[in-house]
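Engineer: Sequence:
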Amino acid sequence: MISSATAQEIRFRISNGEKIRTIAQSLGISRNTVRSYMRDADKGFQKVEAGSIGGRHKLAIGNDASLANLYLQARGNSAVIRRRVQATPEAYGLPN
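Residue numbering for the sequence shown follows my numbering, beginning at 1 and increasing consecutively.
Fair warning: there could be bad hints in the mix.
Said to hold, decoys possible - Pairwise CB distance ranges (calculated):
#1 35 <-> 86: 53 to 61 Å
#2 16 <-> 78: 49 to 57 Å
#3 79 <-> 16: 40 to 48 Å
#4 32 <-> 84: 53 to 61 Å
#5 21 <-> 79: 50 to 58 Å
#6 3 <-> 31: 13 to 21 Å
#7 87 <-> 29: 57 to 65 Å
None of these hints come from the bench; they were simulated from the model.
Just so we're clear, the structure is a prediction, and the values are computed from it rather than from any experiment.
Don't be surprised by glycine CBs; every beta carbon is placed ideally from N, CA and C.
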């Protein structure tokens, strides 16, 4: 497997019309490797499972209604929401 930077360079050079043979020779890889990375746009990148990044914080569990109500009262204004949560964090299940 090649680095993601090399895979990106292969795709860039192919999009600029450079020949497969030239790319392979300059990068020191086989033409089949260049073709493989050219065909599969996701090859060389790590796939991330859906929902594995971010997710809900444990502190938010049980405070959904109060947070949703705050969001509606503030009409989605994040600055207002931040000020209100910072003023009374315990009301939203957060530590002081």
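Engineer: Can you tell me whether the CB distance of residue 3 to residue 31 sits inside 13 to 21 Å?
Structural biologist: 18 Å, holds
Engineer: Taking the Cβ atom of residue 21 and the Cβ atom of residue 79, is their distance within the range 50 to 58 Å?
Structural biologist: 57 Å, holds
Engineer: 53 to 61 Å was suggested as the range; check whether the CB atoms of residue 35 and residue 86 agree with it.
Structural biologist: 55 Å, holds
Engineer: So the hint says 57 to 65 Å: do the beta-carbon atoms of residue 87 and residue 29 match that?
Structural biologist: Because 58 Å falls inside the window, the suggested range holds.
Engineer: How does the Cβ-Cβ distance of residue 32 and residue 84 compare with 53 to 61 Å: does it lie in that range?
Structural biologist: 59 Å, holds
Engineer: So the hint says 49 to 57 Å: do the beta-carbon atoms of residue 16 and residue 78 match that?
Structural biologist: Given range 49 to 57 Å: violated, Cβ gap about 41 Å.
Engineer: Is 40 to 48 Å respected by the C-beta to C-beta distance linking residue 79 and residue 16?
Structural biologist: 45 Å, holds
The structure does not agree with numbered hint 2 stated previously, though it agrees with all others.
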